[in-house]
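Peer 1: Residues per chain are reported as follows:
Protein chains: 2
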Amino acid sequence: MTNQNRQWILARRPVGEIKDGDLVFRNDPIPTPGRGEVVVKTEWLSLDPTNRLWMSDIPQYMPPVALGAPMRGIFCGTVIKSASDSIAEGAVVMGLGTWSDYAVTPAAMVSVVPEIPGVPRKDVFGQLFLVGPTAYFGLLDIGAPKIGETLVVSGAAGAVGSITGQLGRAWGCKTVGIAGGKDKCAALTRDYGFDHAIDYKSENVAARLKQICPEGVDIYFDNVGGETLNTLLMQMNLFGRIVQCGMISVYDADGAGAAPSNYPMILMQRLKVQGFIVTDYAARYPESFRALAKLRLEGKMNWQYHDIVGLENADNAVRMLFKGQNTGKLIVKVADPA
Amino acid sequence: MTNQNRQWILARRPVGEIKDGDLVFRNDPIPTPGRGEVVVKTEWLSLDPTNRLWMSDIPQYMPPVALGAPMRGIFCGTVIKSASDSIAEGAVVMGLGTWSDYAVTPAAMVSVVPEIPGVPRKDVFGQLFLVGPTAYFGLLDIGAPKIGETLVVSGAAGAVGSITGQLGRAWGCKTVGIAGGKDKCAALTRDYGFDHAIDYKSENVAARLKQICPEGVDIYFDNVGGETLNTLLMQMNLFGRIVQCGMISVYDADGAGAAPSNYPMILMQRLKVQGFIVTDYAARYPESFRALAKLRLEGKMNWQYHDIVGLENADNAVRMLFKGQNTGKLIVKVADPA
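If you read the sequences in order, they're chains A and B. The first sequence begins at 1 in the numbering used here and counts up by one. The second sequence begins at 1 in the numbering used here and counts up by one.
With the rest of the complex left out, here is chain A (with noise of 0.2 angstroms):
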């Protein structure tokens, strides 16, 4: 078969962790792109923990992935086919594509690699792409930073996490990073720059919080909801910010322990509470990737990936998220560029 387009089918919502079956693999042939499309010869799908928001149908910020249809992902790769005005055959783009070596999207959600000098592509895709945006307006349009303030950030080991702390020491923030495991914990501080950072597998956060910062906290930007939000509400100073980011640790769980019991903490701290998805800042996008290439080139911005090899492994690695073992920003190489 040489007509060979390999996709994840999204065959079953999954209940609470994705499991065997939820996603299928198939055959499928290389799709003609319909008015206004273009079909990408995928060479990079980044794995995010948005993706199981998409594989539920709850209440969320864009439609979910209908039943049968290939797995939405973010992507890279080069357009071998283009039925719109805006993108031509040949370029290489990334943005919101499928699961498959062949994918079929609108020409409109997807946009040219931008060349950015001393930054490699995958870089620009893995890590300046929705990655570094999502850290960097979360951060400064919402936490509003003022040197000298206390950020704390959870899943401070994941790719958002990792840039967001770094960012925080930038623009002199003390920054705390909550993480779980030993390993992750030590790359917090060694490889990130974290001042402080909290294992929530092996220690009571919110003393360790005390501990860390009697000063209280002016920023939690928020990568995992449930029990540590309702932590850092009771931690929280007068007319502090809370970055609502992601809440990976409700995801799996259908909405239960996603109710803080601390909520009116909002009300007696004055708390500014904002939940942002970061292609609300898609103008801006080029506002963060000069910021962020800036740091990178002047060697104070650590990025990590951990690589799949292998379209075929992305149903198991996508579970990694929700496990927490992944270590820096999880990708899957699927192909060499066309």
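Possibly wrong hints are sitting among the right ones.
Note that identical chains are pooled: a pair holds if it fits in a single copy or bridges any two copies.
As the list claims (entries may be wrong) - Under the rule of at most 25 angstroms between Cα atoms (straight-line distance), these lysine to aspartate or glutamate pairs were calculated in the DMTMM-like manner:
(1) K210 - D315
(2) K272 - E227
(3) K272 - D57
(4) K174 - D20
(5) K146 - D280
(6) K210 - D57
(7) K210 - D183
These are calculated hints, taken from the structure and not from any lab test.
With chain A held as given, fit chain B onto it using these hints.
Peer 2: Coordinates of chain B only, in the frame set by chain A:
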């Protein structure tokens, strides 16, 4: 006993509803002011939901009232003794005092009642002083209303809620008020200009909101918390704002029912939720006084009182707030001006 100073003393922290004996009524000597303090002969006492919070020892925005101390209250009266350089004897002041015939309080906790042309002193104290700025700054600064947006207010027949609705209308919003009972809901549309009223006691709030606001809700001004907040979280439009002004439904419950299970909608809909206390805006009160007085003099701002006569009735009267029994600003006439 010429030296009579009747006072309500917090004898016991209420568990659930305020009960007889939580507050005790006692005769004490008229106090003498310490350095920087004034003694005020109370004319009016304002009864407010936040009083219940001050009686408890849950974490809150100022220290709880100490057991054995006079109950804290928002009051208005004449300074009969001053040991302060900033406030003279004879000044008519309003601010934080106690539930006493003669209250001793730091001069910094009170301010001279401003003369506002055309607005009687009772209104300056009862409506413009704290109620008005709460509605005004909460809606303006956090709600950030735009013409044509939809504003939902809970506790809408209450002192803050009724002004909030009228400000929303003045600023070009569609206004929906939620209150308990037929009479209050009739008042919402008849007296306070709300476009629609929802009776949470006899109607399904979610279903009625979907019917009245198929366009969704842009601003939710929350005075009640609890189940109504949880319902509204599911109705908010993208980038909606929740003004977290009060949570009267949970003050009596010592935190139970305060956890909104729909919290993740803050992320999904990119909501901003912000708590505030009116005193955060003290420096800007004159702005709200001017705005509200202007609307009042133009006949565009209605308000009402629920008048109680006699300090001895304050204990029973404050309980009305939590049973939804007051209609309009609940205020106690303690004595004629000194």
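Peer 1: Have a look at K210 and D57 and pick one of within, between, both or neither, based on CA distance no larger than 25 angstroms.
Peer 2: Answer is between: at 20 angstroms across copies they meet the 25 angstroms cutoff, but 38 angstroms inside does not.
Peer 1: At most 25 angstroms between CA atoms: does that hold for K174 and D20 within a copy, between copies, both, or neither?
Peer 2: Close neither inside one copy (43 angstroms) nor across copies (49 angstroms); limit 25 angstroms.
Peer 1: Within, between, both or neither: how does the pair K210, D183 come out at a Cα-Cα threshold of 25 angstroms?
Peer 2: within (23 angstroms within a copy, 49 angstroms between copies)
Peer 1: At most 25 angstroms between C-alpha atoms: does K272 with D57 qualify within a copy, between copies, both, or neither?
Peer 2: between (28 angstroms within a copy, 23 angstroms between copies)
Peer 1: Could you place K210 and D315 in one of the four classes (within, between, both, neither) given a Cα distance threshold of 25 angstroms?
Peer 2: neither (40 angstroms within a copy, 38 angstroms between copies)
Peer 1: Measure nothing new, just compare the shortest in-copy and cross-copy C-alpha distances for K272 and E227 to 25 angstroms and report within, between, both or neither.
Peer 2: both (19 angstroms within a copy, 21 angstroms between copies)
Peer 1: First find the shortest C-alpha distance between K146 and D280 inside one copy, then the shortest across copies, and answer within, between, both or neither for a cut-off of 25 angstroms.
Peer 2: both (23 angstroms within a copy, 20 angstroms between copies)
Hints 1 and 4, counting from the list given before, are not met by this structure.
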